[in-house]
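Q: Sequence:
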Amino acid sequence: MNDDTAASTMYGWVSSSYSQTNGGECIEWAPSYATAHGVVPVRDSKDPNGPVLTLSPDAFAGLVEFARQAAV
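Heads up: the sequence shown begins at 6 in this note's numbering, then just goes up one per residue.
Hints may contain errors.
[Claimed, not checked] Restraint-style ranges between C-beta atoms, simulated for each label pair: (1) Val-19 to Ala-64: 26 to 32 Å; (2) Ala-41 to Gln-74: 26 to 32 Å; (3) Met-15 to Gln-74: 17 to 23 Å.
[Claimed, not checked] Subject to a maximum C-alpha distance of 25 Å in a straight line, what follows is the list of computed DMTMM-like cross-link-like pairs (lysine to aspartate or glutamate): (4) Lys-51 to Glu-33; (5) Lys-51 to Glu-30; (6) Lys-51 to Glu-70.
Honestly, the hints are just simulated from the structure, not real lab data. Ideal placement from N, C-alpha and C gives every residue a C-beta, glycine not left out.
Make the full structure from the sequences, and use the hints.
A: Rendered as structure tokens:
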């Protein structure tokens with residue numbers, strides 16, 4: 006996926022419900038895009054115009070499970 010400013014708004018990004026409002030260490034993902042295209046775009050919430058990673062649904066589920074179990 007190319008990094009592009011249009012992607013910043015068209016994906017419908019959401020943050021984890023565990024994210025702090027102070028812009029803590031969190032990622033955003035785009036569930037609507039994931040449903041439509043079968044890949045999960047992920048980005049750093051502190052850098053919305055930065056690079057976007059695309060993960061398979063299984064890889065994203067693994068990332069979420071790791072984050073749940075990790076003491077960050």
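Q: Decide, hint by hint, whether the structure agrees.
A: Evaluated hints:
1. Val-19 to Ala-64: 26 to 32 Å: 18 Å Cβ-Cβ, so the 26 to 32 Å window is violated.
2. Ala-41 to Gln-74: 26 to 32 Å: Holds - the Cβ-Cβ distance for Ala-41 and Gln-74, about 29 Å, lies within 26 to 32 Å.
3. Met-15 to Gln-74: 17 to 23 Å: At 32 Å between Cβs, range violated.
4. Lys-51 to Glu-33: holds (9 Å)
5. Lys-51 to Glu-30: It holds: about 8 Å lies between the C-alpha atoms, which stays within 25 Å.
6. Lys-51 to Glu-70: holds (22 Å)
The structure fails hints 1, 3 (numbered hints given earlier, in ascending order).
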